[in-house]
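**Student:** Here's the letter readout for the chains.
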Amino acid sequence: MMKIFNPYKALRTLAAVVILLCVLVPLSMMVTLSLNPSEENILINMGTLHAFIPETVSLQNYKEVLNDPYQPFARYLLNTLLVVFCTVGAGIFINSAAAFALAWGRGGYRKIYLMVIIAVFVIPGEALTIPLLLLVSKFGWIDSYQVQIVPFIASTFSIFLFYQFFSKLPQELIEAARIDGARLFQIYFKIGFPLSTPVIATVSILGFLDAWNSYLWPLMVTRGTEFRPLGVAMAAFFGTQQAYWGNIMAFAVLMTLPIIIVFLVFQKYFVTSVVGSSVKG
Amino acid sequence: MMQNHHNLSRPAGQKLRRNKLKTQEWLDELLLVLPASVLLLTFLILPFLMAGYLSFTDQRLIPRPIPTEFVGFQNYLTVLRDPEFWQAFKNTAYFVVLVVPFQCAISLLCALLLNSELHLRSLFRSVALLPLVTPMTVIVVIWAALYRIPDGFLNSVLHLFGFQGYVDWLGDMTFAMPAIVLLSAWATFPFQMLIFLAGLQDIPMERYEAAKIDGAGTWEMFRYITFPGLRNTNIFILIITTLQAFKLFTQVDILTHGGPLGSTNTLVRYMVQEGYSSQQVGYASAVAVVFVILVGALAVLQRVLLKNE
Chain A
1 MMKIFNPYKA LRTLAAVVIL LCVLVPLSMM VTLSLNPSEE NILINMGTLH AFIPETVSLQ
61 NYKEVLNDPY QPFARYLLNT LLVVFCTVGA GIFINSAAAF ALAWGRGGYR KIYLMVIIAV
121 FVIPGEALTI PLLLLVSKFG WIDSYQVQIV PFIASTFSIF LFYQFFSKLP QELIEAARID
181 GARLFQIYFK IGFPLSTPVI ATVSILGFLD AWNSYLWPLM VTRGTEFRPL GVAMAAFFGT
241 QQAYWGNIMA FAVLMTLPII IVFLVFQKYF VTSVVGSSVK G
Chain B
1 MMQNHHNLSR PAGQKLRRNK LKTQEWLDEL LLVLPASVLL LTFLILPFLM AGYLSFTDQR
61 LIPRPIPTEF VGFQNYLTVL RDPEFWQAFK NTAYFVVLVV PFQCAISLLC ALLLNSELHL
121 RSLFRSVALL PLVTPMTVIV VIWAALYRIP DGFLNSVLHL FGFQGYVDWL GDMTFAMPAI
181 VLLSAWATFP FQMLIFLAGL QDIPMERYEA AKIDGAGTWE MFRYITFPGL RNTNIFILII
241 TTLQAFKLFT QVDILTHGGP LGSTNTLVRY MVQEGYSSQQ VGYASAVAVV FVILVGALAV
301 LQRVLLKNE
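Chains A and B, in that order, give the protein sequences. Just so we're aligned, residue 1 is where the first sequence starts under my numbering, counting upward by one. Just so we're aligned, residue 1 is where the second sequence starts under my numbering, counting upward by one.
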């Protein structure tokens with residue numbers, strides 16, 4: 001059998017390769033530069049193919065970054081992990097609980113509550129940073145972990161996603177549990193919460209990305225290395241040592257690697273969560 | 001007497017139990033709703049109200065000996081007369097106008113590619129999603145290297161095409177914002193691509209089959225089936241891309257510090273400058289209120305315009 005050459009398919013493959021290169025070129029440059037121990041060579045190579053194809057492979061830059069006493073990478077990583085896990089973890093329970101009460105509670109406040117939640121969707125968080133800054137400084141929270149965690153636990157977006165899921169649970173299921181004498185709290189904990197794993201995955205992944213990427217807020221509320229997360233540290237590192245590309249790129253790789261590994265492992269959930277959040281939201 | 005007591009006590013006891021159950025249920029509901037509500041009130045609603053209130057005062061970040069005063073619309077008048085505000089406004093609008101069509105087109109193109117028959121489709125998708133999981137600060141640093149002058153990668157590409165000299169990507173007022181646009185589109189196009197992809201998969205295959213029988217070509221199918229079929233997706237993408245673009249901050253803050261000559265300063269960065277660096281909380285709150293009104297109006301306008309189409 002003859003294979004028929006399909007020009008459209010060839011064209012599509014070509015387009016895909018071009019896009020692939022556009023995505024990979026910047027990322028591979030990060031890796032390649034991070035493996036080059038000579039700052040001089042990096043500058044010479046920056047405009048050539050050796051910016052993407054490693055000439056030398058050395059972990060010297062990584063050693064320097066990990067041992068730099070002024071830029072404690074491990075500390076930044078720990079700070080970031082702590083903030084991310086606390087924000088996302090507490091958020092899952094608190095937001096789903098509120099959403100469950102909104103879906104299956106009996107209070108007359110629920111309609112208004114939902115309307116308010118939908119209305120405040122439009123407010124960009126950035127617009128609230130200045131009054132929020134005044135507020136947390138009155139609490140005496142500047143330069144701490146809680147200042148990066150507590151204000152972001154409750155999320156109208158998560159509540160809304162959980163609400164949409166819970167409100168579609170069959171009425172009979174909830175009623176049956178009620179007749180068996182289960183209280184609302186028990187129904188939430190034993191039926192609602194365990195059933196909502198797809199939503200939990202969605203809000204965890206999106207919350208994880210958000211928290212890992214946060215920059216503006218931690219920039220304003222952290223002062224030194226003690227509570228600073230990776231994002232702000234990276235920007236500060238870049239600002240002070242503009243010449244040392246090798247070290248900066250090693251820092252960048254170390255910061256990106258954990259999240260890329262998580263992404264590759266959970267890719268399926270990742271895609272459904274992004275799509276699910278938008279289709280539902 | 002005894003009988004009477006009995007008759008009375010039974011329904012009373014039931015009522016008591018029912019009341020107790022009702023109280024318990026209320027308590028349960030309160031317990032579920034309270035934590036999130038307290039947090040939302042404190043860290044969302046309160047700051048929102050504070051922004052409104054503070055915008056009418058001369059509040060500073062650090063307390064002064066002189067008490068904070070109510071200044072009426074003074075801050076708003078200053079905002080509207082401030083050339084720096086208008087420059088930030090224009091820059092933000094310019095960024096939105098450039099990045100939204102560019103990013104939407106690229107992500108739609110990628111989604112169409114991924115939705116068609118393609119070699120190595122799953123590899124293509126995994127790689128295309130990488131920018132979405134790369135932290136923005138890292139992306140900014142990588143692009144700073146790409147934009148380097150005079151011999152960074154992008155200038156080398158220009159040389160390859162015979163261009164003499166070099167482009168000062170981040171230092172030239174003409175190129176700084178387009179450079180930020182390119183970086184931003186690269187950083188977030190996978191998000192829109194995924195949503196387009198989901199929209200494409202919702203279009204029933206039968207329509208394409210019917211069109212094929214009628215002899216429709218690739219372009220006709222896109223024009224008459226795919227594009228109309230993506231109507232809701234288009235609306236959604238347009239709204240979120242615009243809202244996202246209005247919040248531009250991280251990229252310009254690290255890469256250009258709003259320069260050269262303020263040509264990449266944005267509304268959010270201007271607000272942060274005034275409220276944080278200059279500590280003029282009252283004034284920054286007025287900027288924040290204007291910002292919220294702008295973004296809100298835009299979201300409403302977009303929705304109305306697109307629904308009538």
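Fair warning: there could be bad hints in the mix.
[What the hints assert, rightly or not] Only part of the chain B face toward chain A is listed, based on derived beta-carbon distances under 7 Å:
#1 I142
#2 G152
#3 S285
[Unchecked claim] Each computed SDA-like pair below joins lysine to any residue, with the alpha-carbon atoms no more than 25 Å apart:
#4 A/K9 with B/T42
#5 A/K168 with B/N115
#6 A/K190 with B/F175
#7 A/K111 with B/P35
#8 A/K111 with B/S116
#9 A/K9 with B/S116
#10 B/K247 with A/L216
#11 A/K9 with B/I225
#12 A/K9 with B/N115
#13 B/K247 with A/L135
#14 B/K22 with A/K268
#15 B/K20 with A/Q186
#16 A/K268 with B/F236
#17 A/K190 with B/E25
#18 B/K15 with A/G108
#19 B/K247 with B/G229
#20 A/K111 with B/D28
#21 B/K15 with A/I179
#22 A/K9 with B/F222
#23 B/K247 with A/Q186
#24 B/K247 with A/A74
#25 A/K268 with B/M205
#26 B/K15 with A/V116
#27 B/K20 with A/G107
#28 A/K168 with A/V116
#29 B/K15 with A/A176
Hints are computed from structural coordinates only; laboratory data are not their basis. Keep in mind the model is a prediction, meaning the values are calculated, not measured. In this text, a Cβ means the ideal position worked out from N, Cα and C, and glycines have one as well.
**Student:** Would you check the hint for A/K168 and A/V116, treating anything up to 25 Å between C-alpha atoms as holding?
**Tutor:** 21 Å, holds
**Student:** Against the 25 Å threshold, does the CA-CA distance of B/K15 and A/A176 hold or violate the hint?
**Tutor:** Distance ~23 Å between B/K15 and A/A176 Cα, so the pair holds.
**Student:** Within a Cα-Cα threshold of 25 Å, do B/K15 and A/V116 meet the stated pairing?
**Tutor:** The given pair, whose Cα atoms are some 36 Å apart, is violated under the 25 Å limit.
**Student:** Can you confirm whether the C-alpha distance between A/K268 and B/F236 stays at or below 25 Å?
**Tutor:** 23 Å, holds
**Student:** Take the shortest C-beta to C-beta distance between B/S285 and chain A; is it under 7 Å?
**Tutor:** 6 Å, holds
**Student:** Next pair to validate is B/K247 with A/L135; report whether the Cα-Cα distance is within 25 Å.
**Tutor:** Answer holds: B/K247 to A/L135 is near 22 Å, not above 25 Å.
**Student:** Would the hint linking A/K190 and B/F175 be met if the CA-CA limit is 25 Å?
**Tutor:** 58 Å, violated
**Student:** Against the 25 Å threshold, does the CA-CA distance of B/K15 and A/G108 hold or violate the hint?
**Tutor:** 22 Å, holds
**Student:** Is the straight-line distance between the alpha-carbon of A/K190 and that of B/E25 25 Å or less?
**Tutor:** 16 Å, holds
**Student:** Straight-line Cα separation of A/K268 and B/M205 no greater than 25 Å?
**Tutor:** 24 Å, holds
**Student:** Sort out whether A/Q186 lies within 25 Å of B/K20, counting only the CA atoms.
**Tutor:** 17 Å, holds
**Student:** Does the interface hint hold: is B/I142 within less than 7 Å of chain A, judged Cβ to Cβ?
**Tutor:** Holds. Min distance 5 Å.
When each numbered hint is compared with the structure, violations occur for hints 4, 5, 6, 8, 14, 19, 23, 24 and 26.
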